[in-house]
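A.B. asks: If you're matching them up, the sequences are chains A and B in order.
The first sequence begins at 1 in my numbering and counts up one residue at a time.
The second sequence begins at 1 in my numbering and counts up one residue at a time.
In case anyone wonders, no lab produced these hints; they're calculated from the structure.
Beta carbons are placed, not taken as given, at the ideal position from N, Cα and C, and that holds for glycine.
Do not rely on the hints blindly, as some may be mistaken.
Said to hold, decoys possible - Residues from chain A that face chain B, not an exhaustive set, calculated with beta carbons under 8 Å:
id, residue
1, G100
2, S101
3, L133
4, Q332
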Amino acid sequence: MEFRQLGRSGLKVPVLSFGAATFGGNTELFNAWGQTDVKEATRMVDFCLDAGVNFFDTADIYSRGASEEILGKAIQGKRDRLLISTKATFRMADGPNDLGSSRHHLIKACDASLKRLGTDYIDLYHMHGFDALTPVEEVLSTLETLVQSGKVRYIGCSNFSGWHLMKSLDVSEKYGWSRYVSHQAYYSLIGREFEWELMPLALDQQVGTMVWSPLGWGRLTGKIRRNAPLPEVSRLHKTADFGPPVNNEYLYDVVDVLDEIANETGKTVPQIALNWLLQRPSVANVVIGARNEEQLKQNLGAVGWKLSEDQIARLDAVSEPTPAYPYWHQRQFVERNPLPVAVK
Amino acid sequence: MEYRDLGNSGLKVSAVGLGCMSMSWAYGTPDEAEGIRTIHRALDIGVNFLDTAEIYGPYTNEELVGKALKGRRDKAIVATKFGFNIENGVAKGANSHPKHVKEVADESLRRLGIEHIDLFYQHRVDPKIPIEETVGAMSELVEAGKIRYLGLSEAGPETLRRACKEHQISALQSEYSLWERGLEERIIPAARELGIGIVAYSPVGRGFLTGEIKSFEDIPEDDYRRSDPRYQGENFKKNLKLVDLVKKVASKHGATAAQVAIAWLLMVGKDIVPIPGTKRVKYLEENSAAFSLKLDQEDLEALDTLAQRTSGERYEPRRMAMIER
Chain A
1 MEFRQLGRSG
11 LKVPVLSFGA
21 ATFGGNTELF
31 NAWGQTDVKE
41 ATRMVDFCLD
51 AGVNFFDTAD
61 IYSRGASEEI
71 LGKAIQGKRD
81 RLLISTKATF
91 RMADGPNDLG
101 SSRHHLIKAC
111 DASLKRLGTD
121 YIDLYHMHGF
131 DALTPVEEVL
141 STLETLVQSG
151 KVRYIGCSNF
161 SGWHLMKSLD
171 VSEKYGWSRY
181 VSHQAYYSLI
191 GREFEWELMP
201 LALDQQVGTM
211 VWSPLGWGRL
221 TGKIRRNAPL
231 PEVSRLHKTA
241 DFGPPVNNEY
251 LYDVVDVLDE
261 IANETGKTVP
271 QIALNWLLQR
281 PSVANVVIGA
291 RNEEQLKQNL
301 GAVGWKLSED
311 QIARLDAVSE
321 PTPAYPYWHQ
331 RQFVERNPLP
341 VAVK
Chain B
1 MEYRDLGNSG
11 LKVSAVGLGC
21 MSMSWAYGTP
31 DEAEGIRTIH
41 RALDIGVNFL
51 DTAEIYGPYT
61 NEELVGKALK
71 GRRDKAIVAT
81 KFGFNIENGV
91 AKGANSHPKH
101 VKEVADESLR
111 RLGIEHIDLF
121 YQHRVDPKIP
131 IEETVGAMSE
141 LVEAGKIRYL
151 GLSEAGPETL
161 RRACKEHQIS
171 ALQSEYSLWE
181 RGLEERIIPA
191 ARELGIGIVA
201 YSPVGRGFLT
211 GEIKSFEDIP
221 EDDYRRSDPR
231 YQGENFKKNL
241 KLVDLVKKVA
251 SKHGATAAQV
261 AIAWLLMVGK
271 DIVPIPGTKR
281 VKYLEENSAA
291 FSLKLDQEDL
301 EALDTLAQRT
311 SGERYEPRRM
321 AMIER
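With the rest of the complex left out, here is chain A:
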């Protein structure tokens, strides 16, 4: 397994981490995502560890704590061999303070996650979304307290806008507090908005990118293509509304090129889609999900080889999105605004 430095931290993470969102499955969204009980979860964890994937990503919100609980049980006796990322901020109960990144909620949420995970520290603690109603100073001073107390090793953010992250980094800098070392963001061959603002920011500020939903909310599994209806088992039937919107024609065009490259390389569509991500600037890690060992094995086949420059160029070309303002305007001045990745 290849390991990369996570942002401006001393931590090395494997390029693939295992997303435990499939563990638990007791809410509508996560039920469709996959139900993995403790026994199966333990087998998956062991399989990951054997393959060098020693990094597990979860969140308090995944099945309202059940994902953390199952992961916690599955890693018993193995804690020192692996890294855990979890997240807080989204609503966990009905009260007015059972959400957000306030000092009130974060301390409570962190203690609850530790308890469910059955561990006394979290390697990487993500703010799952930006809380615009809590001052950034309150969020980061609380996270600093959690780091100082040993409950958290590193902090990260997720689904932030550029200014959310930049403002947060500035506050950390100002007070000498821990800074976000990772940004867990949505990025895929069919969702490249990440490249406009968040990728240049990640490079400039040395914040490592952790990619979630690298297969575009389950659309790049190789089972969906032109003239092929959605397979019956696809989670997209139930969850498409929660994920990024994708135009079908655009998706089919991208999959056509993926199919071509699959023929050339003998790799599968998801393996190619993951490999493409691993060669993008700022990406430190890609979170992969799996509903069973077979899917996991498949995904692990994304590493240990590289797409050629020509193949990457073809994928770039077919998947290139139309930029929003001000990014299209900035492309008229690339001389002083070099782009992190090539465009047409």
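Starting from the known structure of chain A, arrange chain B on it as the hints suggest.
C.D. replies: Using the frame of chain A, we list chain B on its own:
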């Protein structure tokens, strides 16, 4: 229930809180059982913001709140206060020495039977101790996980500014009501600039604005209010006329005078959270329902001049000396 941000913090508190002092102290005869029932009812209807202090009792009010919180801690935002030397059960001057602040925090935690205090106030500014030292000690309590948010009480703009340089202050608790609006000229503007929320104590004039207290003799012998200048002699008579005005507005809406007094504060600004005190379920329900009462322009104009006509200071001179303006 409507919830409001406590200053610029990420904490939400109910728009109407619950002052617990009178459950143990100062007004009339304490009734612990009814007090506990009142707190339970408050939490059940979403009034989550409970106010107590070390000095209430002293100590016994925190103990009462602690009893009421058993098994319900997660539903409550608990605010308490430090800041006095207490000798033989009586406050003997301010004490906000850092060492004292930390000792009181530990004792309050023990009496309340909880692991952290949500909002810890300095009860009165201590002129002997620079505010930076006190707030520094409070911020160490935040780091230690013993308290979550910081508050001051009856502090003036300069103190607020100096305090916020040391650590964000989330709430200023001061007396504010239809008949006491001393905060408005200098203090509220400063608090708004600094992102500090206003927690209004005695929003119903320590009960006077309910209109239920008809004469000085209605007040029990050992009741604190007998020492409030506004309740004494000619002041009492003059102030009764103010209450008539509040009652008039109330009858127009089919509300009580207390509800008008609370609704008025809620309409002054989104950053204001009144914490009417009561030891009875009945009044808790009445007070907390005030958030749905909307006063109109005519009401606001009628009520606006009331404070200018209040007779008497809000405290006797010794206590008044502890108020910053």
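A.B. asks: Now tell me, hint by hint, if it's right for this structure.
C.D. replies: Hints, one by one, checked against the model:
A cut of 8 Å between beta carbons decides the hint on G100 (chain A): the least distance to chain B is about 5 Å, and the hint holds. Taking 8 Å as the C-beta contact cut-off toward chain B, the hint placing S101 (chain A) at the interface holds, the least distance being around 6 Å. A hinted interface residue such as L133 (chain A) counts as satisfied when its beta carbon comes closer than 8 Å to some beta carbon of chain B; here the least separation is about 6 Å, so the hint holds. Restraint check, Q332 (chain A) versus chain B: the minimum CB separation of about 40 Å is more than 8 Å; hint violated.
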